[in-house]
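Which chain is which? The protein sequence lines are A and B, in order. Quick note on numbering: numbering that gives the first Met the number 0 labels position 269 of the first sequence as 268, and the sequence is numbered without any gaps. Quick note on numbering: numbering that gives the first Met the number 0 labels position 293 of the second sequence as 292, and the sequence is numbered without any gaps.
It cannot be assumed that every hint is accurate.
Note that identical chains are pooled: a pair holds if it fits in a single copy or bridges any two copies.
Computed list of lysine-lysine pairs in DSS-like fashion (alpha-carbon distance at most 27 Å, straight line) [as the list claims (entries may be wrong)]:
(1) K328 to K86
(2) K335 to K149
(3) K98 to K306
(4) K304 to K86
(5) K18 to K226
(6) K75 to K299
(7) K328 to K149
These are computed hints drawn from the structure, not numbers from a lab.
The lines below spell out each chain.
Protein chains: 2
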Amino acid sequence: MKFNITQSAFVEGLMKVNKVISSRSSLPILQGVYVKATEDEIVLTGSDANETIIHSIPVTGEDVVVEETGDTVFPKQVIDIVKKSRKHLSIDLDGTVTKIKSGKSEIELNCLDPEEYPSFVKVDEKEPDLVLDAAQFKTLVSKTSFAAAKTDVRPVLQGVYYNVTEDCMNLTCTDSHRLAVVKQKVESKQAIQMIIPASSLDNALKIFGMNGEIEIFSHSDNALVLKDGPTLYQTRLLDGNYPETSRLIPDSFTSVMKINRKEFLEGLELIKEVANSNTSNENGVAKIHVNGVASLSSTKAETGKGKIDIPYDSLEGEQEAFTISFSVKYAIDSLKALDCETVDFSFVADMRPFLLKPSDMTDMEECQLILPVRTV
Amino acid sequence: MKFNITQSAFVEGLMKVNKVISSRSSLPILQGVYVKATEDEIVLTGSDANETIIHSIPVTGEDVVVEETGDTVFPKQVIDIVKKSRKHLSIDLDGTVTKIKSGKSEIELNCLDPEEYPSFVKVDEKEPDLVLDAAQFKTLVSKTSFAAAKTDVRPVLQGVYYNVTEDCMNLTCTDSHRLAVVKQKVESKQAIQMIIPASSLDNALKIFGMNGEIEIFSHSDNALVLKDGPTLYQTRLLDGNYPETSRLIPDSFTSVMKINRKEFLEGLELIKEVANSNTSNENGVAKIHVNGVASLSSTKAETGKGKIDIPYDSLEGEQEAFTISFSVKYAIDSLKALDCETVDFSFVADMRPFLLKPSDMTDMEECQLILPVRTV
Numbered sequence: 000m001k002f003n004i005t006q007s008a009f010v011e012g013l014m015k016v017n018k019v020i021s022s023r024s025s026l027p028i029l030q031g032v033y034v035k036a037t038e039d040e041i042v043l044t045g046s047d048a049n050e051t052i053i054h055s056i057p058v059t060g061e062d063v064v065v066e067e068t069g070d071t072v073f074p075k076q077v078i079d080i081v082k083k084s085r086k087h088l089s090i091d092l093d094g095t096v097t098k099i100k101s102g103k104s105e106i107e108l109n110c111l112d113p114e115e116y117p118s119f120v121k122v123d124e125k126e127p128d129l130v131l132d133a134a135q136f137k138t139l140v141s142k143t144s145f146a147a148a149k150t151d152v153r154p155v156l157q158g159v160y161y162n163v164t165e166d167c168m169n170l171t172c173t174d175s176h177r178l179a180v181v182k183q184k185v186e187s188k189q190a191i192q193m194i195i196p197a198s199s200l201d202n203a204l205k206i207f208g209m210n211g212e213i214e215i216f217s218h219s220d221n222a223l224v225l226k227d228g229p230t231l232y233q234t235r236l237l238d239g240n241y242p243e244t245s246r247l248i249p250d251s252f253t254s255v256m257k258i259n260r261k262e263f264l265e266g267l268e269l270i271k272e273v274a275n276s277n278t279s280n281e282n283g284v285a286k287i288h289v290n291g292v293a294s295l296s297s298t299k300a301e302t303g304k305g306k307i308d309i310p311y312d313s314l315e316g317e318q319e320a321f322t323i324s325f326s327v328k329y330a331i332d333s334l335k336a337l338d339c340e341t342v343d344f345s346f347v348a349d350m351r352p353f354l355l356k357p358s359d360m361t362d363m364e365e366c367q368l369i370l371p372v373r374t375v
Numbered sequence: 000m001k002f003n004i005t006q007s008a009f010v011e012g013l014m015k016v017n018k019v020i021s022s023r024s025s026l027p028i029l030q031g032v033y034v035k036a037t038e039d040e041i042v043l044t045g046s047d048a049n050e051t052i053i054h055s056i057p058v059t060g061e062d063v064v065v066e067e068t069g070d071t072v073f074p075k076q077v078i079d080i081v082k083k084s085r086k087h088l089s090i091d092l093d094g095t096v097t098k099i100k101s102g103k104s105e106i107e108l109n110c111l112d113p114e115e116y117p118s119f120v121k122v123d124e125k126e127p128d129l130v131l132d133a134a135q136f137k138t139l140v141s142k143t144s145f146a147a148a149k150t151d152v153r154p155v156l157q158g159v160y161y162n163v164t165e166d167c168m169n170l171t172c173t174d175s176h177r178l179a180v181v182k183q184k185v186e187s188k189q190a191i192q193m194i195i196p197a198s199s200l201d202n203a204l205k206i207f208g209m210n211g212e213i214e215i216f217s218h219s220d221n222a223l224v225l226k227d228g229p230t231l232y233q234t235r236l237l238d239g240n241y242p243e244t245s246r247l248i249p250d251s252f253t254s255v256m257k258i259n260r261k262e263f264l265e266g267l268e269l270i271k272e273v274a275n276s277n278t279s280n281e282n283g284v285a286k287i288h289v290n291g292v293a294s295l296s297s298t299k300a301e302t303g304k305g306k307i308d309i310p311y312d313s314l315e316g317e318q319e320a321f322t323i324s325f326s327v328k329y330a331i332d333s334l335k336a337l338d339c340e341t342v343d344f345s346f347v348a349d350m351r352p353f354l355l356k357p358s359d360m361t362d363m364e365e366c367q368l369i370l371p372v373r374t375v
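One chain only, chain A, in its complex shape (with noise of 0.2 Å):
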C-alpha cells in the first residue's frame, strides 16, 4: 500500500472515524485505524464492535493519489502524528511498518495485521430506505432518546423504538416512568421496525453536520447505517420487543393548563437545587399546586424547602385546581426537549400519567408523558 494525500482530508477522516474507537477495547486491534486504499478511494474504518465508522475519502489524482493499493492498520497514534505533520504525506507500507513522510520528518509505525480486523455489514449504498434532513433527524433523536432506561433490567428499554409505516415516522422512547414520542409524516418504500441503542442514536448525532441529508439503511437484519457523504456509521440494534405503549397516553383529561415553558423550566431548575441533595443524586420530586397560579415546591429534609409561584395562562376543563408530584429531572428534561413558546400541561388525576406538549402543534406530533411520584 503506497498513498500521497493531503494533511487536511486524512486529519477529517482520522477524526471521524476517531468518535468510536476506544483506548479501552478489549479488542486490541479495534483500538486502530484500519485503512484501505484502492484505485478509486482510501477508506478508513473506526469501530468500537457495537458501533463502526467507515469514511471515504476520494482518490482525485491531482492531491489523493494511490501508488499502489493495500490495506493495513494503523496504530492510534497516526491520528496525532497526522495532525501535527506538514500539509502533505506520503504513506508507505512495508511489510508491517509504516513509513509516513511529511516535511522533514519520517515516522515509521509498527502496524497490525489487517486480516485480524472484523468485518463490518455490507450496505447497497444506492438504495437507502429513506432519505431525511440531517436537522430534522436531530430534532427527532433529541426529542426522545433523553427517555431511554440509563440501566440494562431490560436492555429493550435502553433503546429508541423506530417505527416507520408508509407516511408516517414514529420514534418512542420510554424507561417506563416516562415515555417520549415523535411522529413525523415522511414518503417511504417499506415499513422498517427497530430498536435503536439511544446511546447510538446520541453519537450518530455528534458525528454528522447539521446540514445535508441523511440516508437511512435498514435492510440489514441486526444493524442500522447512517450515511451523510462519504461518512458512514453503523450501529448494532437491540434484540426483543418493544412494550407497547400507544394505550399509556390518556385521551381525556380533566385539566389542561397553559404555560409559558421558559418560566416553567426555570422555575423547576431552581426547585431542583432543593430537591436533589446533591448533583450526583437526582431523584428529587417536586410538587405543582395549581389554584389561580402554578405553584412549584419542594421539601428534602436534608437541605431545607423551597416554593416559587409561576403565572399561567389558561387553565381549562372541569377541575378548577389540581395537585401532582412527579420527578424534577423528568419535568426538566421533557420541558427542554419541547422547545416551543407555550406548553399544555394536561393533567388527568393525580396518580395518572400527566402529559406535556407543545400548545401549538406544528407538522411533527410530539408528547411527553410522566408518570407521578406518590408522595405522602
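Since the structure of chain A is provided, determine the placement of chain B on it from the hints.
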C-alpha cells in the same frame, strides 16, 4: 443576619470562593460557604483547609444593605440557587434556617453552625510585603511551577521556592530531574523565603484576573496571602529546606546552538507521538543529534521510530557536533515556558545537564535546565 444584595455581586463572590471548595472535603463544614455580614461588608469564605479564599462585598447602602449583622455557613447549594435567582435577593437567617427570597421564589436552606467553621490566618491588609503587576506574577509562576515534583517523595519539591532579596525576586522549581529559574528585579522592604505549593500557585492564577496588581503578604510564618482588590487568597506553605540549586547550573559550555523555538517545539510534539506509547505514559525519550542540522529522533519498540530534521540558526563553541538524549515531556514543557522567538540550547557533555534559555534576554532572567537520560 439579614441583608439585601444584587444577584450579580453575590454570584461573583460565591463563584470566587467556590474555586477552593471541594464537595469531597473530609470536614463537612468546609463543603459550605461561610458568610459574615457586618455593617461595612458581606464577607464570603471558602476553604479546603490548605487553601482559603475570602471575598468581600462592600455595603453600598443602595443595592447591598445589611439590616442585621451576623454569620452562618451556607450549604454548597446556595451557589446554584443564587445563580438561578432574579436580580435582587433578600437573605434572612432565622436560627439555623436561611430564607432566600427573589422574585416569586422563596427558598429555605438548612445552614451549618458558624462556630464550627475553622478560623484562618488574619492579615494586616495595610502592609503588603510586595506589590506585583498581576500579569507579571502570572508569567513568573507559569515559567516555574510546572517543574515541581508530582509525587510526595520529597514534599518540598512539590513547591516553588520563592526568594526575595532587597532588589531581586527569584522563583526556583525543580523535581530533581529538571530545574526552572526566573529572576526579576523588584523593590522589597524585606527579604522573604518560602516554599509555596506549586498546585496552590496554579490555583491562584485561575482566581485572579490578568489586570491590576497583586499584593503579597508573607509575614505569617506558615501561610502566604495574596490580595487582588476585594479577594484574598491564602495558602499553607511547605515546611523544610529547599535544596541549594544554583551550583547545578553550568557556567561554561562546549557548544551553544541558537534555534527557532516554535520549530523545535513542533518537532518534539511530533516525536512525542512515537516516544510515548500512550498519553498516560509520558516518559518517552528523544535524542537530538546536532551536526549541520538538528536531527530529533526517537525509537520505541512497540510503536516504531520517528525522525525530524530542524535547521538551526547558529552553533558556537569548541564542538561542532553533539548528541544528547532527554525526556520529550521535559523539553516540551521548558520550550512552552520560554515563550520567545529563538532559544539557546547550551550543551556541556552528553551526560551533563543542558540549558535552554531565550537568546535575547529581557529584564527577566530565566533558564530551564534538563538532566539528560542515559541511553547507551
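Here is what the structure says about each hint:
With identical chains, the CA atoms of K328 and K86 are at most 27 Å apart between copies only, with a shortest distance of 25 Å across copies and 48 Å within one. Taking the shortest alpha-carbon separations for K335 and K149, only the intra-copy value of 19 Å comes in at or below 27 Å, while the best inter-copy value is 43 Å. Only between protomers do K98 and K306 lie at most 27 Å apart by alpha-carbon distance; the minimum there is 11 Å, versus 66 Å within a single protomer. Proximity of K304 and K86 under a CA criterion of 27 Å is satisfied inter-copy only: 21 Å between copies versus 60 Å inside one chain copy.
Taking identical chains as interchangeable, the C-alpha atoms of K18 and K226 lie at most 27 Å apart only when both belong to the same chain, with a minimum of 15 Å there against 44 Å between chains. For the homomeric pair K75 and K299, the shortest alpha-carbon distance between copies (15 Å) is at most 27 Å, but the shortest distance inside one copy (48 Å) is not. Taking the closest pair of Cα atoms, K328 and K149 come within 27 Å of each other only inside a single copy of the chain (14 Å); across copies the shortest separation is 40 Å, beyond that limit.
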